Amino acid sequence: MREAVFDTVVVGGGAAGLAASKIIAERGYRVALVERENRLGGILNQCIHNGFGLHYFKEELTGPEYAQRFIETTAGTPNIEVFLETTVMDVKTSRADNNNSGKGSTNSPGTKEVFCYSSRYGVLKIITKTIVLAMGSRERNRGNIGIPGTRPAGIFTAGLAQRFVNIEGYSPGENVVIIGSGDIGLIMARRMTLIGARVLAVIEIQPYPSGLTRNIVQCLRDFDIPLHLSHIVSRIYGRDRVEAVDVTPVRNGKPEMEETFKIKCDTLLLSVGLVPENELSKKFGVKINPETGGAVVDAHMMTSVDGVFSCGNVLHIHDLVDYVSEESIAAASFACDYMEERGKWPAAEQFPTVASSNIKYVIPNSYDPEINNRFFFRPMIVKNNAKLCIRMENEDKEQKTLLEKRLLHVQPSEMVSVNIKSERIKEFLRDGEENRLVFSIQ
Amino acid sequence: MKNKVLDVAIIGAGVTGASIARKLSAYKLDIALIEKETDVAFGVSKANSGIIHAGFHHPPVTLKSKLEIMGNSMFDQLNRELHFPFKRCGIIVAAMSVEEMKTIQELYQRGVNNGVIGIELCNRSRMLELEPNLNSDVTGGLYAPTGGIIEPYRFVFSLVESARKNGVNIITNFEVVDKRETNNTYTLISSTGESIKARYVINASGLYADKISELFGAKKFKITPRKGEYYLLDKSSSYRPSRVIFPVPTKISKGILVVPTVEGTTLIGPTAENINDREDFSTSIENFEKIFYATRRLVPAISERDIITSFAGVRPAAEGGDFIIESYPDVPKFINAAGIQSPGLTASPAIAEYVKDLLKKQGCRLVEKPDYDPYLDETVKLREMDHSSADQLFQKDPRYGNIICRCENVSEAEIVHAIHQGHTTLDGIKFYTRAQMGRCQGGFCSYKIIKIIHRETGLPFEKITKRGRESYILKGSIEDDWKGVVEVTNTSLQGGTTRDMQTGSPDNNAQSAGGNEGNT
Chain A
4 MREAVFDTVV VGGGAAGLAA SKIIAERGYR VALVERENRL GGILNQCIHN
54 GFGLHYFKEE LTGPEYAQRF IETTAGTPNI EVFLETTVMD VKTSRADNNN
104 SGKGSTNSPG TKEVFCYSSR YGVLKIITKT IVLAMGSRER NRGNIGIPGT
154 RPAGIFTAGL AQRFVNIEGY SPGENVVIIG SGDIGLIMAR RMTLIGARVL
204 AVIEIQPYPS GLTRNIVQCL RDFDIPLHLS HIVSRIYGRD RVEAVDVTPV
254 RNGKPEMEET FKIKCDTLLL SVGLVPENEL SKKFGVKINP ETGGAVVDAH
304 MMTSVDGVFS CGNVLHIHDL VDYVSEESIA AASFACDYME ERGKWPAAEQ
354 FPTVASSNIK YVIPNSYDPE INNRFFFRPM IVKNNAKLCI RMENEDKEQK
404 TLLEKRLLHV QPSEMVSVNI KSERIKEFLR DGEENRLVFS IQ
Chain B
38 MKNKVLDVAI IGAGVTGASI ARKLSAYKLD IALIEKETDV AFGVSKANSG
88 IIHAGFHHPP VTLKSKLEIM GNSMFDQLNR ELHFPFKRCG IIVAAMSVEE
138 MKTIQELYQR GVNNGVIGIE LCNRSRMLEL EPNLNSDVTG GLYAPTGGII
188 EPYRFVFSLV ESARKNGVNI ITNFEVVDKR ETNNTYTLIS STGESIKARY
238 VINASGLYAD KISELFGAKK FKITPRKGEY YLLDKSSSYR PSRVIFPVPT
288 KISKGILVVP TVEGTTLIGP TAENINDRED FSTSIENFEK IFYATRRLVP
338 AISERDIITS FAGVRPAAEG GDFIIESYPD VPKFINAAGI QSPGLTASPA
388 IAEYVKDLLK KQGCRLVEKP DYDPYLDETV KLREMDHSSA DQLFQKDPRY
438 GNIICRCENV SEAEIVHAIH QGHTTLDGIK FYTRAQMGRC QGGFCSYKII
488 KIIHRETGLP FEKITKRGRE SYILKGSIED DWKGVVEVTN TSLQGGTTRD
538 MQTGSPDNNA QSAGGNEGNT
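Protein sequence lines correspond, in order, to chains A and B. Numbering-wise (my numbering), the first sequence opens with residue 4 and increments by one. Numbering-wise (my numbering), the second sequence opens with residue 38 and increments by one.
Simulated from the structure, these hints should not be mistaken for laboratory data. This structure is a prediction, so every number in the text was calculated from the model and none was measured. Warning: the hint list may mix true and false statements.
What the hints assert, rightly or not - Which chain B residues stay away from chain A? Per the calculated CB distances, all over 10 Å, these:
1. K65
2. K103
3. L269
4. K418
5. S425
6. G480
7. E493
What the hints assert, rightly or not - To be clear about the criterion: a stretch of chain A counts as covered by chain B if any three or more of its residues have a C-beta under 8 Å from a C-beta of chain B, and this derived list gives those stretches:
8. 144 to 151
9. 154 to 162
Stated by the list, open to error - Straight line, CA to CA, 30 Å or less: simulated BS3-like cross-link-like pairs of lysine-lysine:
10. K286(A) <-> K433(B)
11. K418(B) <-> K272(B)
12. K124(B) <-> K285(A)
Quick reminder that beta carbons are idealized off the backbone N, C-alpha and C, glycines included.
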């Protein structure tokens, strides 16, 4: 078994892992960037449409171009060693790092062992001080949403179909129905049309689209593709290959079966959401937030396991890759701070953040009054002219409003971020109390 | 082979046919195991509860009961020889009322009469000790430690591999639609006009056993397809029991169960619904609710959040309820092994013995092969290895280091092995290796598997299927549509891709001033 020693192991070479590796290497630490595919870039490689980079690079790029910008800056860096076609199978942490499970090994405190499998290196054991989890997400599939009917060929998650079309050069089918109006589904509606397929309908269970408005316009309306809001696919037909689907309107949460209509098709694409892929993290005791499916992280993006950080879609699902890069840079900087200040970390006491009315979650799960905190949160409602309210709450239930802000429009598919300066937080902080920061939208 | 007269042709490569084929491969016989589907175990055997029953459900007078008890006892030896996923985890039957306890008493007595080893009656606290996740309202129940779990398709694959190793011809994509009879020889004719000649024919055709029996002029009976729907729950579920949990049975069914599968997932189901279409593998909302309602009564923590997938199986229920394993004086050299529904999987090794004896009575000479080898090499499973043995394995064959299925940790080498064992469809590879069987359901690995199938078999992408017949995955290459176009435009255009320029696609038209197109 080969052994190697690095300051940091970054798990995953997609948008999050690339940005994190870049920052850590720039700060002078040695990084092992482990990627299971045969090239860096992750899912960006198959997103050949444009619209990436407007925030981060201030110009419009395609997915592969966006990835390439980072790959060029990382690949040449002497501090980064890239391990391609290599899968992280297992992480062993020392007991001291891990207060959630007894699965620690007898490592010296603070040291972690990362076991990687690959054809090229065999089993590689990397000994490291910090780990950045950047594994991304996977698509929810038919099993997750439980559509009744038969189980023929021709049912794909939208991302898999995108891979077939954009990278392998194969068409998944000719007459397509798309379930879910997530962004990949919308992008694929356009893509399938451009390769000559007929996209017959996009079916969305919610009364509003789950993808970005721009994608509804550019990918559906521009191509006259019908979007059926408040509808479900209630049955799949076909023995060998998909032959048709039943589509049923939903009113007040109930399917109106009498109004079911049938669409003949040979292909179904599913765009019904993404799930952070945290199987590895769970294996070594990283605490998971049930609202996000990602790790619980503190104000420094550190998980419940000491020295293990998380960023990108493995932490929570983002709408824009630019935000993934931004978040990963923050996580990587914290990982560097952690290594610099080992022993006296964390510097200051942290306090919890709470997602309250009409908010699904707030990331990170706690804040540090000594730094300028940046919060990401996801609304649960669709509303124009909404009011964001952030309050400090303590034992006596007396709430003090720390920030109020008008939001022009909120919807679940669009994440919101807000910055709060250290000074502002300190104004409200009370000694010896819980100091919960409560987020709500009205 | 197809012009030669074989000794025995077995119709149907499910668990019954495969068990018989393997049993007979110990003798000096020319045998063909014939399957209408693309792969073996693609019928009844692929979708069932995967239970090795202990033997307390059926009265001792039935053939079912006799072969169930005998079959159960044969699995340890079979497992030593064939290494399929199998575990004697034990079975409990949970009674939720005093009324139900009466049936438990009957089952217990029946089990004792049938000779079930170790069977015990349990009070409430014993039940909760055996299964802490059980509904705490449980009144009491039954515990049969000899019951177990198995991966039914893996069992069939092992039987088929062992049969093949000992000389049995495995013939897939051969649907028997007609037969001729000349000079003591049967000629089986397929839907595509191919033929196989054999002196003896064994009917193990599952859902079609009544039709084959009729084709040979043997006993007339009716197979009623009985559909059972299932839900498979993720490995990480905290309520996963350690034993199979049955409810108290009704007259028509053993009920809806909670099964901890050998591979760590939890299976709940089946429903029992008589249907007309033998190939109706659809699932429904009603049965979804029924299954979750019924199993939550046993294990309240069962959660819809953990669903990986659903599926349906169809069992071949024969009139009278018992197995039909017999020969007929007026139809020489023909044996029915029909109506093999639950506990058919458990009984299958005993059914093979029973059929062998019938064959002998029919005049078939059974001479033992001196070189018969009942043992198979164990299939390497990366997911069961520790890091240092994995490292040694990678040095021998680096393809084991290439993880293809990230959910179930299946390597390239294991997929190549499956293909070389004849499993060239996505489902065949799934059942053989578990790749695509985990939480992503092939979202990440199926394109890699398609590429490996293409590389290993030479099958073009668009000819690769999910499970044979017309179940093609892809409609064809996009490149083909663009042949000719590329040549012209390459010289005249710079930047962008040729394809987008040709269609004037908005992919290259920034219609979105400041557009935030999602990365997702």
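Structure-based check of all given hints:
1. K65: 40 Å, holds
2. K103: 36 Å, holds
3. L269: Given a closest Cβ separation of 8 Å, the condition is violated.
4. K418: 14 Å, holds
5. S425: Incorrect as stated: the minimum Cβ-Cβ distance to chain A is 6 Å, not above 10 Å.
6. G480: 5 Å, violated
7. E493: Holds: least Cβ distance 16 Å, greater than 10 Å.
8. 144 to 151: holds (count 6)
9. 154 to 162: holds (count 6)
10. K286(A) <-> K433(B): 28 Å, holds
11. K418(B) <-> K272(B): Between K418(B) and K272(B) the Cα gap is close to 18 Å, so the pair holds against 30 Å.
12. K124(B) <-> K285(A): 26 Å, holds
Violated hints, listed in ascending order, are 3, 5 and 6; each of the other numbered hints is respected by the structure.
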